[in-house]
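Student: Sequence:
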Amino acid sequence: MSQEAEEAEQRITRRLRELRLERGLTLDKVAAAADLTPGYLSRVESGQRVPSLGTLVVLARALDVSIADLVAAEERRSPIVKREDAVTYGTRGASMTHLSPPSSALEATLVTLRGKSVPPRPTRHRGEEWLHVVSGHLELTLAGETHLLAAGDSAQFPGSTDHTLRGAPDAEVLVVIA
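At position 51 of the sequence shown (counting the first as 1) the number is 51 in UniProt numbering, and the numbers step up by one without a gap.
Calculated directly from the structure, the hints in this document are not laboratory data. Ideal placement from N, C-alpha and C gives every residue a C-beta, glycine not left out. Warning: the hint list may mix true and false statements.
Label-pair distances were calculated between CB atoms; the ranges are [unchecked claim]:
| id | residue 1 | residue 2 | range |
| --- | --- | --- | --- |
| 1 | Lys29 | Ser154 | 21 to 29 Å |
| 2 | Arg23 | Arg124 | 34 to 42 Å |
| 3 | Asp35 | Gly115 | 19 to 27 Å |
| 4 | Gln48 | Glu4 | 27 to 35 Å |
In the SDA-like style, the derived pairs of lysine to any residue whose C-alpha atoms are separated by at most 25 Å in a straight line are [claimed, not checked]:
| id | residue 1 | residue 2 |
| --- | --- | --- |
| 5 | Lys29 | Thr13 |
| 6 | Lys82 | Ser46 |
| 7 | Lys29 | Arg121 |
| 8 | Lys82 | Glu9 |
| 9 | Lys29 | Asp64 |
| 10 | Lys29 | Thr55 |
Could you put together the complete structure from these sequences and hints?
Tutor: Okay, structure coming up:
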């Protein structure tokens with residue numbers, strides 16, 4: 001693993017703990033909200049475990065922050081995000097490149113799926129979600145109904161609708177949450 005990837009993992013696990021403590025939340029409370037065990041969350045916060053993208057999604061929701069807020073190297077004031085400054089986080093199942101500044105009301109993310117569901121179980125969040133299949137094919141499951149989308153197709157739905165994304169290997173999807 002590259003030094004940059006290791007630093008990103010350490011930054012994310014530190015940030016999870018910082019956010020939990022800033023909000024005065026216990027391990028038990030955040031773990032319950034994210035459907036995780038307190039022991040697992042403790043190991044994530046201490047850097048002993050690396051959370052999957054799906055786990056990051058549910059932890060961000062439990063802490064009421066965006067994924068970009070979890071993975072950002074530093075607070076950016078500029079409205080411009082240069083390619084080299086875009087934060088990418090990934091696992092074997094998928095990678096996410098955050099294209100909007102941290103703490104932005106609009107969260108734009110380029111998701112590369114590798115045949116896995118993101119998150120692994122249905123999720124929901126505040127706001128509206130719009131997605132566009134850049135390349136490959138995508139299975140979008142909304143409220144239990146599966147839709148097959150191809151490159152060039154888009155979808156928009158309330159974030160409060162249970163949903164998962166599952167892509168063919170190397171499918172790329174642009175996701176915008178507002």
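Student: Taking the hints in turn, state whether each one holds.
Tutor: Hint check:
no.	hint	in the structure
1	Lys29 with Ser154: 21 to 29 Å	violated (37 Å)
2	Arg23 with Arg124: 34 to 42 Å	violated (20 Å)
3	Asp35 with Gly115: 19 to 27 Å	holds (23 Å)
4	Gln48 with Glu4: 27 to 35 Å	violated (20 Å)
5	Lys29 with Thr13	holds (17 Å)
6	Lys82 with Ser46	violated (31 Å)
7	Lys29 with Arg121	holds (20 Å)
8	Lys82 with Glu9	holds (21 Å)
9	Lys29 with Asp64	holds (13 Å)
10	Lys29 with Thr55	holds (15 Å)
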